[in-house]
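Got chain A; can you put chain B on it based on the hints?
Protein chains in written order, with the working numbering: chain A, 1 to 424; chain B, 1001 to 1424.
You can trust all of the hints, since none of them are fake.
Not close to chain B: a few residues of chain A, all C-beta gaps over 10 Å, as computed:
(1) N38
(2) T80
(3) A84
(4) P299
(5) D322
(6) F339
So, partial list: chain B residues that the calculated Cβ filter (under 10 Å) puts toward chain A:
(7) S1368
(8) E1384
(9) R1417
Derived list of chain B stretches under chain A, where covered just means 3 residues or more per stretch with a C-beta under 8 Å from a C-beta of chain A:
(10) 1027-1034
(11) 1105-1118
(12) 1121-1133
In case anyone wonders, no lab produced these hints; they're calculated from the structure. Owing to the predicted nature of the structure, the values given are computational and were not obtained by experimental measurement. Built from N, CA and C at the ideal position, the CB exists for glycine as well.
Protein chains: 2
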Amino acid sequence: MNDVKRRTESLEEHVVALCRGARAAAPILAQASTEAKNAALRAGAAALRHRTGDLLATNAGDIERAKAAGETAAFVDRLTLTAARIEAMAVGVEQVAELPDPVGETITEWTRPNGLRIAQVRVPLGVIGIIYESRPNVTADAAALCLKSGNAVVLRGGKEAFATSASIASILRDATGEVPPDAIMFIDTTDREAVRIMLRQAGLIDVIIPRGGEDLIRAITEGSRIPVIQHFSGICHVYVDRAADLAIAERICVNAKAQRPGVCNAMENLLVHRDVAPRFLPAVAQQLEAAGVELRGCPETRRLVPSAKPASDADWDTEYLDLILSVKVVDSLDDAIAFIRRHGSGLADAIVTTDTDVAERFTRAIDSAAVFVNASTRFTDGFEFGFGAEIGISTNRLHARGPMGLRELTTYKYVVRGTGQVRT
Amino acid sequence: MNDVKRRTESLEEHVVALCRGARAAAPILAQASTEAKNAALRAGAAALRHRTGDLLATNAGDIERAKAAGETAAFVDRLTLTAARIEAMAVGVEQVAELPDPVGETITEWTRPNGLRIAQVRVPLGVIGIIYESRPNVTADAAALCLKSGNAVVLRGGKEAFATSASIASILRDATGEVPPDAIMFIDTTDREAVRIMLRQAGLIDVIIPRGGEDLIRAITEGSRIPVIQHFSGICHVYVDRAADLAIAERICVNAKAQRPGVCNAMENLLVHRDVAPRFLPAVAQQLEAAGVELRGCPETRRLVPSAKPASDADWDTEYLDLILSVKVVDSLDDAIAFIRRHGSGLADAIVTTDTDVAERFTRAIDSAAVFVNASTRFTDGFEFGFGAEIGISTNRLHARGPMGLRELTTYKYVVRGTGQVRT
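The following block holds chain A by itself, in its conformation from the complex (with noise of 0.2 Å):
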C-alpha cells in the first residue's frame, strides 16, 4: 500500500518516503476546495459502508491475534468492529464534510495609515502526525479532521488493530478523488522504531497529536525533534462556594463525577466552603454514594460523612478515572484558588456560585483550558464547545489549549496589499 516501493530500501528510508509523499501532497491539498475536499470525505464513507464485510473480516484476524495475546476484554472490545460501528464511523467522516472549512477565513484585517490592506488568513499547518493506541476508529476520525483541515496526514496507529486500521486507511486513500490520495498516509509496519524515525523527521512533519494514555504521551514528547501537542492529565476541582445554591451544586457534583467518570474532565477533587458544609456534604454524599462513588475525605469531610475514607496526600494529585472522589473543606475562596492551583492540573475546573464578585475572582484567578462557573466540568469537550468535531484536547499553552476542533489545526499568513509602498 502507500504505492511505496519496499523491497531493498531500508526502514529508515521507508518511513522517509512515507513522509515525504504526505509533504508533497500537503500544498495541493492546502489548495484544494472545499467541494473537493467534502467529495473525499463522502466517497471515503461511502467506501467504508461498501466494504464493511472486508473490514468486519479484517478485524477479526485482530481481534484473534489480541485474545491469543491474552488481552483483556475491554482491550479486545476497543478493537473490535461491528457494523453499526463501522456506520457510526462512516456517518462521522460525513458530519465533518457537513462543518464549515475553516481554511481561507480572513479571521482580522486592518489597514494602515500608509495605506497597505493586511489580511491575517487562516491557512493549514501543513502535515500533521497522529499517533495512536488501539482504537481503530481514530484512523478515520483523524483523517477526515485533518483532510477537511487541509492537513496531509501520516497515521502510525497501534499494532493491535494494525491490520484494521491499514485497511481503513487504505480505503480512505482510494476514495480521495481530486484530492491527492498520499494526503493520508499509513505507517504500514508495526516496528516501534518507525515511531522513532518519525519524531525526526522536522521537515517532513510539522506537528506531532499523540492520542492515547499519558505514558504514550510522554515517550512521544521525550522523543520528538517536532512539536507536540500534548494531552495530560486532567485533575478537575468543583469549589461549592458559601454562595453557591445548593440544589445546582448537587447536580453539578453528581454529573461532573458520575456521568462518565473515566475521562479527563470527570471532577477527581471537590472542595467545600466551609459555611456551607454542615448542610452541603451530607446530601451530596448520599446521592455520590447511590451513585457507586467512593468518597476521601479531609478529617472535617469524615466528620460530617462518616462513611468517606480518609484522603492521603497522594490523594489529591490523582487522577482516579473512577467512581473514587476526593473532598475537602476549605476556609475561604483564596483557599479553594491556592488548592487548585497547587493540585489541579488545568485542564477544567469550576465553581458553584450565585456571588457575582466571587465568581470573577474565580475566572480570573484560575489558569485552566476551561474554567466554570455553575456548570459542570463534563462540558469540556469540542462537541459540547460546538466545534462540531475534536482531535483531542491540549493541555499545552502554545497554539491550542483545550478542545481542538478544525481551526485549531490551521495556523495563519498575512496577505498584505499594496499600490507600491516601499519602507523608507
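The following block gives chain B in isolation, referenced to the frame of chain A:
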C-alpha cells in the same frame, strides 16, 4: 542579585531557583492591573534614565573586555551604550506602557443551545525564557514586552554584554512597584551550562524565545525540552509579473534589496517574467547597481544585463544579508510559484502585478508568513504591521507566525458561564 542565595548551592540549584522565582511571580503578574504594569514600566524607564551614569560606567567595562578579547569594531558597537541609546531604551519601555493591554481581552464568545455562554479570553503564556546575544538593550526591550503581556521572564544575556545586561535587569527589578520583582529574572552567570539547565525546566518555563543568529537558534532548538519560537533565515523573493507596473516594480525591488540589506525581510532572489524582462531588467539593474548591489543572474538575465555575474546553484538558496541579489527570468506565474516553494524560506515573498487574478493565485499558492502584493517585503515587521512593538518574527507554523507583538505573547482560556447545566 535576584535575591537568591548562592553560597553553597550548585549551578543547577541556582538556575532552577531563579526559574522557580519567575514561576511563582507569574500568576501574580498575570492578574496585575494594566495600571500596575504600566506604572512598573514607567518607573523602570525613569530609573534607566536616572542611572545613566552607572550604566555607562558598567558598559565601559564590557567594552574594554570585548576590545581586549579582540572583538571587531562592529561587534563592540553592538554592545556599546551611549546616553542617547539609554534614552532610546527608556523611551522604548515607555512606548510599551502606551500599548493596549492584551490580557483579559475577549477574543470571541458565543452561546450554546443549552444556554452555556462560552468566552475565549486572552491570558499570558506564563513564564518566557529569552536567550539573546550581545545587544544589552534586548534586556529592557524583552522585559518590557513580557511584563506588559503579563508574563514573567527569565533573561539570559550574552557574555560579552553580561555586566551591562545584568545592570539593566537589576534597575528594572528595583522599579517594579506593585508587580513582584521576580517577574524579571536574570541568569547571573555566564556559565554556558546555565543555558542547558534552563532549557530543561519545562515545568517552570513555558516557551523559549532566542534572539540572535541562526546558530544560536539551532543550538537552542536542539537542546530544549521547552517549545522554542524560532526565527530562521529569510530568503525572500520578489516576483515581477508580466502584468506588473514596472515603475512600481523598480521601486519595490530597490527598496526590498537595498534599503537595509542586512535584515531577514530583505529580498535575496528576484524573479522576472520573460515577457517583461527585456524592458525591466536593464533598467532595474542600473538602479540596483547604483545602490551598490552586485547582481548574480541566470543565463537569460546575463544576456540582458551583461554586468551580472553568473549565479551558481547555491546562490538561489543563500541568505546574503548583503548587497548581493540573485536574478532569474521565469516563463510563467507557475514557474515563479514553484521556484519560491523550492527556494523560499517561508518568511516573506512578494508579487508585483496589476492582474488581480494573478495576485489572487499567488497569494493562495505561496504559503509564507507574509505574502505581499505590490509592496516591499521590508514591511514584514511588528511596527510596520501596527503592533506597536515586536519581540521577534516567528518562522514557526505553530502558535505565532510572522511578526510577534504583545498578543502573540499570550494564550487563551475558555470561561464558561452556566445556570446549573450538566451533561447528559
